[in-house]
Structure formats: structure tokens, C-alpha cells
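Number of protein chains: 4
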Amino acid sequence: MAGSSFGTIFTITTWGESHGPALGVVVDGCPAGLPLSAEDIQPYLDRRRPGQSAFTTQRNEADAVRILSGIYEGVTTGAPISMMIENTDQHSSDYGELAYTYRPGHADYTFDQKFGVRDPRGGGRSSGRETVGRVAAGAIAAKLLSTMGITVSAYTASIGQVSVDPARFDLEEARKNPHYMPDALAAKKADMILEKARTELNSVGSSVGCIVTGLPAGIGNPVFDKLDAKLAQALMSIGAVKAVEVGDGIAVSSSSGSLNNDPFRLENGEIKKIANHAGGTLGGISDGSDLILHAYFKPTPSIAQPQNTVTKDGKEVSLSIKGRHDPVIGPRAVVVVEAMTAITILDLMMTGASAKLSNLQKIYS
Amino acid sequence: MAGSSFGTIFTITTWGESHGPALGVVVDGCPAGLPLSAEDIQPYLDRRRPGQSAFTTQRNEADAVRILSGIYEGVTTGAPISMMIENTDQHSSDYGELAYTYRPGHADYTFDQKFGVRDPRGGGRSSGRETVGRVAAGAIAAKLLSTMGITVSAYTASIGQVSVDPARFDLEEARKNPHYMPDALAAKKADMILEKARTELNSVGSSVGCIVTGLPAGIGNPVFDKLDAKLAQALMSIGAVKAVEVGDGIAVSSSSGSLNNDPFRLENGEIKKIANHAGGTLGGISDGSDLILHAYFKPTPSIAQPQNTVTKDGKEVSLSIKGRHDPVIGPRAVVVVEAMTAITILDLMMTGASAKLSNLQKIYS
Amino acid sequence: MAGSSFGTIFTITTWGESHGPALGVVVDGCPAGLPLSAEDIQPYLDRRRPGQSAFTTQRNEADAVRILSGIYEGVTTGAPISMMIENTDQHSSDYGELAYTYRPGHADYTFDQKFGVRDPRGGGRSSGRETVGRVAAGAIAAKLLSTMGITVSAYTASIGQVSVDPARFDLEEARKNPHYMPDALAAKKADMILEKARTELNSVGSSVGCIVTGLPAGIGNPVFDKLDAKLAQALMSIGAVKAVEVGDGIAVSSSSGSLNNDPFRLENGEIKKIANHAGGTLGGISDGSDLILHAYFKPTPSIAQPQNTVTKDGKEVSLSIKGRHDPVIGPRAVVVVEAMTAITILDLMMTGASAKLSNLQKIYS
Amino acid sequence: MAGSSFGTIFTITTWGESHGPALGVVVDGCPAGLPLSAEDIQPYLDRRRPGQSAFTTQRNEADAVRILSGIYEGVTTGAPISMMIENTDQHSSDYGELAYTYRPGHADYTFDQKFGVRDPRGGGRSSGRETVGRVAAGAIAAKLLSTMGITVSAYTASIGQVSVDPARFDLEEARKNPHYMPDALAAKKADMILEKARTELNSVGSSVGCIVTGLPAGIGNPVFDKLDAKLAQALMSIGAVKAVEVGDGIAVSSSSGSLNNDPFRLENGEIKKIANHAGGTLGGISDGSDLILHAYFKPTPSIAQPQNTVTKDGKEVSLSIKGRHDPVIGPRAVVVVEAMTAITILDLMMTGASAKLSNLQKIYS
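Chains as they are written, first to last, in numbering that gives the first Met the number 0: chain E, 0 to 364; chain B, 0 to 364; chain F, 0 to 364; chain G, 0 to 364.
Chain E extracted, bound-state conformation (with noise of 0.2 Å):
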């Protein structure tokens, strides 16, 4: 694959570039029957765009998706689902200058290397804009596993020095507040670190965490194609991700067995384990414990400040990033991180299937 496919079953293909006419994602595998329309998709969309709050870029972008294929009476086929969102307010004149200029902290220099070419404007296919295509499959995704209990729910878990409170952790509030921090107080000072960062024409990183409930027990494959494998790689695939935490993640290099170990235990008459360290999994494998991971973003690497840096023919200048561009990742890239997680467990259900011959013969019989 040349990488802009992901899943073996439930495929998603995205493409697009920043400021080309439109940008988009075909998802193959969807198993059929599933009720769905473009309401279903939308407001997944609505969430990754920008213009949610005054800390979000000011580019206003409808990002209405269409359904081109894979629906009929409002129910999947089993064919390919192909979605387009039409490029409505690109300025491309913004970007004229960075066609020779690499800037720091972005993908220009490494795409001349490898392609030789590349296309400036607003980052081409490197651009954030990317990942509407990555929203509106997991989207489906999402639904699809809803209709087994099973819900996925990402959330910004720090901005800056501000760390969500795991007192007031409130998964509620996380929906109600622009910075989707599902603490009220952590969202105010995230408030006060994001003027500051504007006004110092800077940016700050940023955390994102996600649950999965109701994913059974059984999910992922032993080896390479394990569930927090794949889900490593998903999440590590999203633009300015720099580490990814399964469970107590790092933590657990200075903790001991003893403490670190779930007990298991029974739970009326099921087996359950007593603590989570592990986020959800054992052995690759999901342990009906939820799942939790954490994505961390680095800070918006376009910033006002004048930075040092090269040209393409090889001049030293000083850049000054203009236009419209977030100082924090993380709050726009919840939904992504949302849809890639809902992407990669509803395909390893679908690899794994058959992983049971009773299983098999359950369906072919």
C-alpha cells in the first residue's frame, strides 16, 4: 500500500489535498445493513471543524459531506461507501511564499525529498484538512458499533500545563465545553494558556484520551496485528501525534508486577478483573475491561513568531507564519482520534470473525 489505505476488511481510503476542490474517503467492507445517511455523518464532521471557538482557526469551512455510492433506501449495500466534502474557502493566495520555504515543524522539506514535488498550498496532502475523510469513515464505523453496545468517547485530556482533574473527570462536560475537556475548570484555564499562547504568537501542545465501553472480550490478534498494535499505529498516523499510552502507558516502566497486575475475579459468575491497569487489553487481545488510550500532539507547528529556517533552493530566512491556524491540536483532533479508534477495533471484529471455526460454521450453515 502507498499509505493512504487503512484496514484489512473495513478499508478506509482517504484523499484530498488542503486546497484542492475537494478532499474525501472511500470505506470499503462496510457490512451491509446498516441504516445510514449523510445526518449520520455529519455531525462527526461538525466536531473536527474549524470555527468552534475563538480558538479555533477562523477558516469557515461547511464541510458538508455527500454520499456518492454504497447506500440504497438508506441502508448499506455491502459496496463501497464513497463521501466527498467540497473545498469551499480556500485562500490559497495565503500560501504563495511557502512554496520555497520549508517551514519548521512541517512536512514541506521531507515531501520534496521523497516525491520531488509537492503541493504548497496549506500543506497539500499533509495538511490537517486530511483527516475529514478519516472523521466521516469512523463515523460509520462509530454507528456500527453502537448498534453492539459498544461506544467510543475521545476527549481532550490536557492543553498546555493544564491536566483534566481525574476528580472532576466528567465525559458530559466534555461535549459542552469548546476545548471538549470533560472538566469545566480545566477548560477555563485552558482558556487563559490559549490567550496567552495568541498573544505571544505561539502555540501549546496538547493531550487526547479515549474510552471504549462494551467492547467484549476477544478482539485484536495475537502477534503484529494486535488491538493495541493497530491502534498505535492509527493514532501515531494523525498528524503531530509524538506518543501513544495503552492503559497506564508509561507509568508502568517504573511500577511492579505485583501492583500492575489485574487481579481477575468473578462478578456474577463472570470473570472480571479487579483493577484496569492495562487499558483493555492482554496479550494484543481485548479483555472486556474498557479501553483506554491517550494520544499526545505537539503544538501547532504554525506560528506568527519569526523562525529560522531554509528555502527549497537553499537560502537561509526568516519565516513568519501568517493566516489562520489553531494553537492547540488536540480539541480539533478529538474526533479523529474518536474515528480512527472506532475504525481499527471495527476492523479487527471483522478480521477476526472466523477466528473460531464454530464461529464459521455459525454463519455458512
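Treat the hints as calculated values from the structure; they're not laboratory data. Note that beta-carbon positions come from the ideal geometry of N, C-alpha and C, so glycine has one too. Among the clues, some could well be false.
Below, a list of computed lysine-lysine pairs in the DSS-like style, where the Cα atoms sit at most 30 Å apart [as the list claims (entries may be wrong)]:
(1) F:Lys271 <-> G:Lys311
(2) G:Lys311 <-> G:Lys321
(3) G:Lys311 <-> B:Lys361
(4) G:Lys311 <-> B:Lys314
(5) E:Lys187 <-> E:Lys175
Some chain B residues flagged as far from chain G (calculated, every beta-carbon gap over 12 Å) [said to hold, decoys possible]:
(6) Ser4
(7) Glu72
(8) Ser145
(9) Asp190
(10) Met191
(11) Ala250
Dock chains B, F and G against the given chain E, drawing on the hints supplied.
Structure of chains B, F and G alone, referenced to chain E:
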């Protein structure tokens, strides 16, 4: 894929269980023309092997590799390279009880949930012993990369609370002490931590770092098969890894754009970065700087302390795990991290070999 | 994969139904640096288009392609190329009855068995119209191959009982007559056959040949991804194809080794074959001779004669299929065969680009 | 993929050369819970083995399979099943001259062109002996399919000019005569043809048919992974196959729609087809009828007659191939066709297991 294969062109498929007759790997897609013999592979397996220090399991496997195909007159032919390591020191009797009792922190329960049947001897397929195949394959990838000036070096970055001091960082040292720590003092402190863990019938967590030098800019694909995304999968697929970082990793989330961006400059006419917070990738593509990775390992789940758990048929029991178990995973996983990193990089170099039309024309004319 | 993608590095993913709003394809992995515009694609789509002769369906689609991504300033960037063809002439009302009645020779029944739900308008996903995406992608592959001196030329080899006479074989002629037959006399006889079929409310079978010139030796992988094996999949995946031949094809089964082997000789110091019974492959790898393929198409299953069949809810009925249907499939499939052949060859060139270590070193140094 | 793997979920990876120490296969993705032992595999290998009749090569390999992983207490665990067959009867000395001389009809030249290096002993990787891995894997697939009432039966359909007479077609007979022909009289005529070929130091072509019974409707995916498209790849990937037919195959090209369409009718309330020209697929998906396939094999290219050819360093020479060679390929390939067919069908059943949402819900609730 059912999960035992990794890679698109340079593809490895591992097989084998902890206490079966043998384990191995098939490496498909290795370029023809690489001088190769068992002598290239064995040193990697020896580094992974137990019995290297007082603190690794006393199980004594020779782990002698046998190359069964793909080599003719000492050179790779492009045909799949099958390698086998026979198991010679299985004590299956140690594991009788474990056929029915779910060890906390292990994959016993999840394998049963997924497959309905399970090889309980030594963890079966979910044993750390599965990694011998990865290491054998990684030795080939590493040798091949070295012909292009690329070196992959992993080391133990922390054991329990003891971390390598950056001021004393010395990769040479990492080859000298039994913990593979690039800091002799830290290695000594680790001795004490491990001695204490052993005395307390407990285990500790750890972390492994990895540096790749000589990597040209341009490796990795946009979007889902980013260099860091595939590496995240590769490393998270190693049993017991719960977090993966690229470059500054988690720390980026509390940094700012002006600090975190790596400015470009000219160095003897070549474009270089002044800093390397990014850890060698921009937009998922190598940027010509060193690639910097960290993987975080949970404490060995097998501990001799009594633990609460349940049996397959639903009884609550107390379990004390006997047998030969390392009190820490990181040091033996150092070579596994190295192997997976080399394999991932090589495969991305191969899938990207014709990213430019001019490259394709260079080869086929 | 759920079946709508083809290729490993040069990957195409088609989407769309006969009577949906649009159809299209995403081409991922196209090498960067190829000059490309809609003008390169449209002539291929025009060749596939109905309304080219008295004998093709009277449905009149403009089939105008729109390139939505992957091109910057007239050159491919290595990003996915999304192409869309809007449907402008759907007469869904023609197809009401067919939502419930299984057309003999069509996929109505099998889609219902597989998916439980189906878009019945014009065959939905199983319509021949799905091939517009293949053809658009094939135009890119063919243009790219032509930059390396490789040409792919398909033609109608037979219509009903009328076959092209090898003595009159003229590829130039194939572009002149509406049946794409490289023999003007055969094309004239075909007119009569098709006129007769139309009068009898019937249809006839056909076959398509394909010649690839300029293909270097060494393309194709041993074992499962042989050049001929992937081509067999590619061609058999075109609706209505029931047989695929390479070189002498079926005739080899009644030949002898001494007749069928192609002797090697030297020609100006280069190794050449005296004959080409093999059709250009040895051991699944191109041998430097012309590649010769044939695909055999069943008669159009949609015929106006009454046919016995059943309805979805289990009633036996007589069905006369009205509407616009070609009495023969081959001529319109000529460009589809060309497209699939070009795509397959290019992908194998790309996956094999680093089959030799020296090639890899040539690219990354 | 570099070509040694086949399948998406039920994946086989073969390895080994004709005269290396061993050959084998890794089967990943086999559903857990299938009783399996070497006794299930060996009979398939024995059918492939030389020395079965006066007309097969006198090379005498025991071809004893050893299962190295994936089985516990006689049942598959879902882990990869590694199987190895050691080579015990290599006469490498027979092949000295062939390191430098390109045998007509063989892959010597093309391997050298592709890889620059080649194992010349007995054809190396391109030897028919590579199929032992396929056959071992196919035995597993066939056993698994049989638990769902699906049987795969291949047979020799023709040897040279002698074809099986449909009027005498008897699958039982195919297991009795050394040519695996389902017609005792044809088998006798074949004796004479082969005796003549041997006397004349020549070889003859052949064809193999395959019938699958009990296959439910709904197997195979639309578009590129059609049941017949994947089978075409599977069969064409067998060395020496030059044509593949489904159902009536080539004959459809001279048929008419009214004759070739298979009408549906009701049979005890179930939907059936009256005829089966289609050979069991409609739109690339199984239709519930028997699946009918034919593969056409070229004459054995190794013949003892002198042939004109060239050497690697560019000299024209005459070559007489000595050693042990069958004068016909089909009979020994019968079990290979059976294996590849079973593997392909099983994999498509597994990838399609969740084509309907209701199936997925059935499994995960």
C-alpha cells in the same frame, strides 16, 4: 492478515509456540544479492537469549538458528528465507496448573475468549519466545540497512526508577553490561533494583530507547503508513509494551511551538535541522536527522507472589507462579526493538522505492 | 480487502453504482512527477462509452472525468488521485420490476444471498458501469508505462463465431471500426452477427486479445504473484469474463515440449527467444518478448427474449428484459482489458523495484 | 507482498527450493478448533509425490510432513501452523551445467534478469517442488471445508490429445488410475501417449478439471476479489498453467445469451438453476451450484531431446536435459489444483464472514 505477518514488501511471518518443537520466521521479499549466513543471525539471537545475566531466566536455550531456504552460495536469492530455531529445553511439566488458571497480566484469558482453545505451555503463542523469529528477521534487515550506511541501536533506557543519565549516555557501554544500559552507573543501580525485586518475589517495569543513524530523508509514506505510525505498530506489537514515543514524545504536549519546532539551517550547503525534538520525522517521513524512539515495558507479569485470580471453569483461586522468569523485560527486549525498527524501516524504503517516477525509470531502463 | 481495491503499491479503489449519483476511483501510489490531466484520461473513457456504434447501448453518458486530487501544476505529486464521473442519464424507472426478479446470468441473486440487501437499479455495483473507474485508473498506468517505452494494446479478437484472421491482423484497423477488431473483414461479418442477434432479441459471446510490447524481462514475482497469475485475476475480475489465456493458452495442453518450448538465441549479442508460445512469461516473470493475453466474454445476459426465472419471494415468472443493452460485451471491454493489464504490470514493476539489492542502493544513495 | 503469500485471512506463505534442505509453508489464520494431525496432511502430499506410476519422475522423496506449530492436543489453536518437508533425495550433481545454461521453457533466464542471482539446483524456487507447501496447506483448507459439507475434487481432464469422455466421467475412477483420470479408457490411451512421448524424448500437455460441491451461495466479493478472479490467480500461479476456465469457459464466446444464461427455478421451495453454464458463479459470487474449473498445463519443458539455447555469458549451445522428469505435468498437479481451490474458497468465506451486519452481530453478542 491473521496477524503473524508484518510488512508489505519485506514481509516477515513468525510462527511457533514457547514449548512446541520449534519456532521460526519466513522472510519474504529480501532483496537478492545480500551476503548472508547463520553467522549474521546468531549474534542477534544470542543477545535475546536468556541466561545472559543473573537476572534473566535460567532457562537455557541454545537458540541456534538454521537457515532453510533463500540463500545460494552465501548470497540471498530473493526467495523467501526460512529460519528455524528448535526448542531444546522445554519443561512443560512446570505449566500443568496453568492450563486452567488465568495468570493476571497474561493473555491466557483473552486467548481463550478469542479462540476457545489455547496452548497453555509457557504462554504458547503469546510467549515472549515468539520474538526469536522477529529477531532473526531483524538481523537480516539490519545487515541490509548497514550496506547503505544505516545503523539501528537500541538500549535499555530505564529499569524501575533508574534511568540512564543523558550526561553519561554511551552506546558502547550498552554492549558491556548485562542490562544493555548505556550508562555503567545506572546499570549498577539497576542491579540493586532487580535484586530487591527478586527478593520480594516481584518484578519491575523498564523502557528501551532506539536510535537510527544514517537514515536518508524521504522514508515513510503520508497518512496511514507514516514512518512513525508503522514504527508505533511495530513496537507496540512487542508483548508488554504499553507506550511508544517518537522524539520528545509525551513531553511535546507541554511544550510550545517556538520551542518544539526544529529550525532548518544550511550546513556545508546541505539542509539540516538545528534541533531534533521531532525525533527524525516530519509528517511521517524521515527528515535526515537521527530517528529517536522509546518503548515502555510493563513489569514481568509472572511473579512468585501469590495473586488472586480465577480458573477457566469459574473458581476464584490464589496463584503463585513458579518457574524461570526475568524480573524485568526491557533488557531482553532491546534486540527485539532493534529488530522491529530495522524491519519497519527497510520495508518502507522498499515500498517507497518508486515514489518518484525518475526512480522507476532509473531501475527499468 | 473487501474487494474494491487492486494492487499493492499502485493501488486502485473503485466505487459507485450504475444508477447512483456518480462513480469513481482513487489511485494511490502513483509515482510523483508524471504530467497528467483530464485530457489523458478522457479518451480512454470515451472508448468505453456507450453510443459508439449502432450496436452499443443507446444510453448516453458523457462520462466526463473530474480529477479531484493528486495533481499540482499538471504533475502527479504522489498523493492519491481521486477521479469522479457523474451519472447524468439514469432511467431508474426502467428497473422497477428488477428489484424483485432475479435476472438469469446476472448477479442479482448472488448479491442478495451475500449481502441481504441490494441496489437493483441497473445492476447496482455489479453493473458493467463499475469499469469506468478501472478505465480512468488504467489511463494513468498506461501513460506512465509509455514513458518507459511500454505499450498495451487490446482489441476484439472474436464476436460470436467470427474471429480475426491472423493473416489480416492489423492493430491500426482496430482503432477504426466500431467493434475494435484488427481485421476490417471480420468487423463487417460481425455487423451481420450482431444485427441477427438484435433481431432475434438475443446476444452473442466474444473475446478480447491484448499485446504488451516493450516490457523488459524481470517483471512479476515468483509463486503467487506471478505476472500471469495477477493478470489472470485482473482480467477474470472483469464482469462476464469466463476464461483467460496467456500465450498459446489452452492449445498448450495438446502440444509437445519440443514444439511448445521457445528456444533462446542471440540477436546482436542480446538473448532473445525464437518463438513466443509462452506469450512473454517464464516462471511467471516477463521474458522480454511481447506479452500475449486473451480474455473470453460470455454473451450479454440481458436479452429481450422471455426467460424463465424466479422472484425474490419465491415465485416462478417469465422475464423479458427491456432497456438499453449491448448485444455483445467484448468491444466495449477492450479498453477495460487494456486498463487492467496496464495497472497490473505497473504495480508489479513497482513491487519488484527493489528485488535486487543493487537497485535499492541505487535509489537510496 | 513479495509473492510467496496468498490469502487475506487464511494466509499461506510457502518457502523452499527444490534442492535446499527443506521446503514448507506457514498457514496463518486457520480457525481454532479444527482437529488436525499429520495424518490429515500426508495423504495429500502422497498424491503429489513422484514415483506414483511408471510415468512420473523416479526421484523418490518420502515427503514426510512435520507439523511444527499451531496444534495443541490435536486441535488447531488459531496460531500459525508451520509445516516442513525435508528434502532427502537431492542429486545436485545432475544440475551442474544448468547453472550457466538457460533451459527453454524454464524460468532460469527470467530469474537471472529479475534477481541477478539464482539457485540453479533443480530449478530452485521455480521448481514444481515448491507446490508441496501449497498442498500441505490445501489439505488443511479441504478438511475444514469438509466440516461444512464442501468437497473439492480435481482430476486430469486431458493428456495430450486424449480427453476424458463426459459420458464415462466417474470421479471414483480418478482415484484408481495413476493419471487421476475419471475415465478408465482415457487413462489407458494416455498410457500410450506417454509411452510414445518418453520414447521420443519428448513431453505432452494436459489439463486438470476441478469440481466443488456443497458450496453455499454468497462466497466471493464483488469487483476485484471475485471468486473466479481469485481462483484464476490461484490456478494460474501454479507453474506451467497457461489458461484457466470457469464453467463453460472459452466456449461462452461463441454461445448466445439465450443458450448461455442459466434460468432459475424453484426446487422444493429453494431457488436453483436449471443449467450451470456459469460454472457456479454469478457476478463473481458463488450461486449455490457446483463450481466448475479447468486449468491447462503446458508440456513438461524438461525434455531429453537436444534444444537450442544460450548460456548466461552469451554463447549459443545445444542442450539435452538429463535427469528425472515427468513427461506430463497434469496428473501430479491434480492435488495442487485441489489445494489452491480449497485455500481460495476458504479465504473468501473468511473475508466475507461479516458481509452482513447481522452476521457480525451474531458472532459478537
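Against chain G, does Ser4 (chain B) keep a CB gap of more than 12 Å to every residue?
6 Å, violated
Assess, step by step, whether the Cα of Lys187 (chain E) is no farther than 30 Å from the Cα of Lys175 (chain E), and give holds or violated.
12 Å, holds
Taking only the CA atoms, is the gap from Lys311 (chain G) to Lys314 (chain B) under or equal to 30 Å?
71 Å, violated
Minimum C-beta separation from Glu72 (chain B) to chain G exceeding 12 Å: can you confirm that?
Glu72 (chain B) not clear of chain G: closest Cβ-Cβ about 8 Å, inside 12 Å.
Confirm or reject: Ala250 (chain B) is not an interface residue toward chain G, with every Cβ-Cβ distance exceeding 12 Å.
38 Å, holds
Would you check whether the claim that Ser145 (chain B) is not at the interface survives, using Cβ distances to chain G and the 12 Å cut-off?
19 Å, holds
For Lys311 (chain G) and Lys321 (chain G), compute the direct alpha-carbon distance and say whether it is at most 30 Å.
Given that 30 Å is the threshold and the Cα spacing comes to 19 Å, the pair holds.
Would the non-interface assignment of Asp190 (chain B) survive a Cβ cutoff of 12 Å against chain G?
The assertion about Asp190 (chain B) holds, with a minimum of 37 Å to chain G.
Lys311 (chain G) and Lys361 (chain B): Cα distance at most 30 Å?
24 Å, holds
Does the claim that Met191 (chain B) lies outside the interface with chain G hold up, using a Cβ gap greater than 12 Å?
Answer for Met191 (chain B): holds, closest chain G Cβ roughly 39 Å.
Are the Cα atoms of Lys271 (chain F) and Lys311 (chain G) separated by 30 Å or less?
12 Å, holds
In terms of the numbered hints stated before, the structure departs from hints 4, 6, 7, listed from lowest to highest.
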